[in-house]
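Peer 1: One-letter residues, chain by chain:
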Amino acid sequence: MMFARKYLLYIFIILILLPGCKEKTGSYVQSNSKEQVYEPAYGDTLITGSIGEPSVLIPMLAGDSASHDIAGLIFNGLVKYDTDLSIIGDLAESWEISKDGLVITFHLRKGVKWSDGVEFTANDVLFGFNTIIDDKTPTAYKEDFLQVNKAEVLDKYTFRVTYKKPFAPALSSWGNLVVLPEHLLKGKDITKTTMIREPIGLGPYKLKKWIPGQELILESYRDYFEGRPYIDRYIYRIIPDPATMFLELQAGGLDMMGLTPLQYTKQTDTEIFRENFQKFRYPVFSYTHMAFNLKHPWFKDKHIRQAIAYAIDKKEIIDVVLFGLGSPATGPYVPNTWPYNPNVKKYEYNPEKAKQLLAEAGWKDTNGDGILDKDGKKFEFTILTNMGNNLRKNTATIIQWRLAKIGIKVNIRVLEWSTFVNEFIDKRRFEAVILGWSISPDPDQYDIWHSSKTREKEFNFIGYNNPEVDELLEKGRRTFNIEERKKAYFRIQEILAEEVPYIFLYVPDATPIVHSRFKGIKPSPIGISYNLPKWYVPKPLQKHAMEP
Amino acid sequence: MINYILKRIFEMIPTLFGITLISFMILHLAPGKPTDVLADFNPKITPEARERLEKMYNLDKPITVQYVLWLKKIVKLDFGESFSSDRRPVIDKIWDSKQPLFERRLFITFMLNVITMFVILIIAIPLGITSATHQNTLYDRITTTSVFIGFATPSFWLALLLMMFFGVYLGWLPISGLKSMNYDSLSLTGKIIDRINHLILPVFVYAFGGLAGDSRYMRSSMLEVIRQDYIKVARAKGLPERVVIYRHALRNALLPLITLIGLSVPGLIGGSVIMESIFGIPGMGQLLFMSVMTRDYPVIMGIVIIVGFLTLLGNLLADIGYMLADPRIRH
Chain A
15 MMFARKYLLY IFIILILLPG CKEKTGSYVQ SNSKEQVYEP AYGDTLITGS IGEPSVLIPM
75 LAGDSASHDI AGLIFNGLVK YDTDLSIIGD LAESWEISKD GLVITFHLRK GVKWSDGVEF
135 TANDVLFGFN TIIDDKTPTA YKEDFLQVNK AEVLDKYTFR VTYKKPFAPA LSSWGNLVVL
195 PEHLLKGKDI TKTTMIREPI GLGPYKLKKW IPGQELILES YRDYFEGRPY IDRYIYRIIP
255 DPATMFLELQ AGGLDMMGLT PLQYTKQTDT EIFRENFQKF RYPVFSYTHM AFNLKHPWFK
315 DKHIRQAIAY AIDKKEIIDV VLFGLGSPAT GPYVPNTWPY NPNVKKYEYN PEKAKQLLAE
375 AGWKDTNGDG ILDKDGKKFE FTILTNMGNN LRKNTATIIQ WRLAKIGIKV NIRVLEWSTF
435 VNEFIDKRRF EAVILGWSIS PDPDQYDIWH SSKTREKEFN FIGYNNPEVD ELLEKGRRTF
495 NIEERKKAYF RIQEILAEEV PYIFLYVPDA TPIVHSRFKG IKPSPIGISY NLPKWYVPKP
555 LQKHAMEP
Chain B
3 MINYILKRIF EMIPTLFGIT LISFMILHLA PGKPTDVLAD FNPKITPEAR ERLEKMYNLD
63 KPITVQYVLW LKKIVKLDFG ESFSSDRRPV IDKIWDSKQP LFERRLFITF MLNVITMFVI
123 LIIAIPLGIT SATHQNTLYD RITTTSVFIG FATPSFWLAL LLMMFFGVYL GWLPISGLKS
183 MNYDSLSLTG KIIDRINHLI LPVFVYAFGG LAGDSRYMRS SMLEVIRQDY IKVARAKGLP
243 ERVVIYRHAL RNALLPLITL IGLSVPGLIG GSVIMESIFG IPGMGQLLFM SVMTRDYPVI
303 MGIVIIVGFL TLLGNLLADI GYMLADPRIR H
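Order-wise, the sequence lines are chains A and B.
Those letters in the first sequence? Residues 15 to 562, per my numbering, in order.
Those letters in the second sequence? Residues 3 to 333, per my numbering, in order.
Rather than coming from a laboratory, the hints here were simulated on the basis of the structure.
Mixed in with the good hints there might be a few duds.
Said to hold, decoys possible - DSSO-like mimics (lysine-lysine), calculated; alpha carbons at most 30 angstroms apart, straight line:
hint, chain 1, residue 1, chain 2, residue 2
1, A, K223, B, K100
2, A, K150, B, K63
3, A, K441, B, K57
4, A, K164, A, K489
5, A, K419, A, K369
6, A, K206, B, K193
7, A, K202, A, K150
8, A, K202, B, K181
9, A, K359, A, K378
Stated by the list, open to error - Among chain A residues calculated to face chain B with C-beta under 8 angstroms, some are:
hint, residue
10, T205
11, T258
12, S432
Predicted model only: the values in this text are computed from it and were never measured.
Backbone N, C-alpha and C fix where the C-beta goes; we use that ideal spot for every residue, glycine too.
Chain A with its partners taken away, still in its complex shape (with noise of 0.2 angstroms):
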């Protein structure tokens, strides 16, 4: 009886809240604000969830993403990304570019211990570059240190390479990648060694146990050179459906996992999260947008093109799709980051204003069947998308509904990723694609906008062509000099906001939940989890005890 009741007012409770929660964008927390003042403390278990078990501890050899959120706690890189996407020293105490900014000169720190104990100096760095650039090592990541001319260690601290041409995203490449303990690796196949599984770091976290299927547990590092982290123990249970996983977190089984926008604004809005959980939000460095075929008849005129950008409704995608939880995008970067223009061309919905654009290219619906014409043609293409995206594919659904309004027949097709990529992308055959790009914190899009990148398997795979553009990536990629970058960027945006390319649609939102005895989260847009060492539960909120 007390279920149907306590069902019934859930349901309820839904009803009244559907027509939508709308929150400010850029308000990070959203949780129970009488917070009490308590002492970090150390001791108690994170838990948290994924879908996929990892594969390789070493972050190198890693493709998928729960390899690295674990290669990532317990290896470090010489420098990372602070909060607001400068680059600071992590292993590197400090560094020096040359003024032809074709040397980088690395300060290692002193007295930084592997967690066997022996210390980390510039030979580790070095080896790790070696192993990288080697052919025999399987590696997505090589490309970047190819640039390199000459790698050398100068003494035990100092690290020096010298670059062919300047290559600013050459500083954040020298992340966790290429730290590896030469000791442990020396003359051993990377691909065979035990360190793939039971690997030795110099993180906050040390791997105590790894269960195949159901979970990793991990140990705080007690050396750690940042000093103790407070939480003892990491555990990453594997739980592949998404929905098990939801459940796991009520009923107490985990302390973390991410949300998707209808779990954060519906299903967790109730008391037992409220009083139990924190949410965080913050955008995601990613886009999503519809790509046309630039080699197409009719996409190659940009007046067509930018017709389709004011058909559509951004935010009512954002609104319908994400239940909010999203900015509209206006460039391949996140808002309020450095490189983000926020003064370009906005295709504001109006459908007048689109339908005025095609009658001046000669599209006009002169049979009146609503679908307009031209030469005898139809105005009607295919979107495809792929397959177990249901965000795209309904994006996709209200695309098509815009565009039905101003006279554009469109078809959806939904395809599965390999037969997508292999059989549409990579042999040109298709018209509008909705797709994601992750972006990383380093501007440079070379191999998205080049015009040299229009090879098959490349990535710019609409055939974009535009010599300003060209000129300027290049600019971009040459220079450390952070205004002149963002110069560059910032004209790379106002064209493709005039020449539409892509609709930028939408950078999503994170949306995390963490238990609320977690203290000492500081969420940032580089999100929550770069200062996990820092957090911690206080002494009287424990709840896991360490066993003896």
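Given chain A's structure and the hints, the job is docking chain B onto it.
Peer 2: Leaving out everything else, chain B in the frame of chain A:
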């Protein structure tokens, strides 16, 4: 008899070979490659790097060559290495000798299926018998309707509802996995109870869907037997109905069930893929699902071989069991 069994075992070899050939071809016909996971839409991968990767996995060779390479290994019982970036031997993934027996994927799936089959039989046989003896009564209609509801209910949906009710709302049963966080600190009895608790929901959901087939088979086979002359004779002799049904009729009515059990092996293992993914059970089904998603050919093929072998073995055992139980077909 021995000759027959030997002949059957011998026949299994070309069948198994055929299974691998067809599976291998179908697998490679599907678009996509194991390297896609690493390389698709990753701007940091140049076409050259992609080619290097493909070469490393022999994916640049014609499919026939790839099959022969794989076959050469498999006849030596070498399942090869996984294509996922950990490059572990396939056999370690399916049957990890470093883990205790009840943590090995094949064992977990096998046990789960055996327990489920046991539960199904325990419930389905009496259900089938009683609805046959009470044919066309209200009882018969109710049981028939209920088992068909079980058959028609989507298992993932039922699983989620039960997890919500018993796991979240009542908090009686664990939601996923095979053991609790504090498992290592439990006493032996505690450990056993903990394991059983974790099995209740998956086994129930799994068995609920399987009841219909076996109980309906049992019912119709029982009905057929009851109409036989020797049953009339037994009744005419004045034997009590209990003895007629359970001693004389049941034995013969059980025969078709032997075949049914033998044939249900692939179905059960197919069901494991779904159940193990929902309940987060680290068995072979879950491994198969993840491997298909990443196009990890050697692992998929390894599992196909094992499942194929188990299916053939199930058929063989069913036939042998049938022969042992029924003198009429022994020759």
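Peer 1: Compare the structure with each hint and give your call.
Peer 2: Against the structure, the hints come out as follows:
Note on K223(A) and K100(B): the hinted pairing holds, with a Cα-Cα distance of about 13 angstroms set against a maximum of 30 angstroms. Proximity of K150(A) to K63(B) is assessed by CA-CA distance (about 19 angstroms); at most 30 angstroms being required, the pair is judged to hold. With a CA separation close to 22 angstroms, the supplied pair K441(A) and K57(B) stays within the 30 angstroms bound. Annotation: proposed proximity of K164(A) to K489(A) holds, straight-line Cα distance about 23 angstroms (limit 30 angstroms).
Taking the CA atoms of K419(A) and K369(A), the gap is near 10 angstroms; set against the 30 angstroms cutoff, the hint holds. Proposed proximity of K206(A) and K193(B) is contradicted: the alpha carbons are some 35 angstroms apart, above 30 angstroms. Restraint check for K202(A) and K150(A): the C-alpha separation of about 12 angstroms stays at or below 30 angstroms, so the hint holds. A C-alpha spacing of about 37 angstroms is found between K202(A) and K181(B), which places the hinted pair above 30 angstroms, so the restraint is violated.
Between K359(A) and K378(A) the CA atoms are separated by roughly 26 angstroms; this keeps the pair inside 30 angstroms, and the hint holds. At about 5 angstroms, the closest approach between the beta carbon of T205(A) and any beta carbon in chain B falls short of 8 angstroms, and the interface hint on this residue holds. For T258(A), the interface hint holds, the least distance from its beta-carbon to any beta-carbon of chain B being 5 angstroms, beneath 8 angstroms. Checking S432(A) against chain B by beta carbon gives a least distance of about 3 angstroms; that is within 8 angstroms, so the hint holds.
Of the numbered hints listed earlier, those contradicted by the structure are 6, 8.
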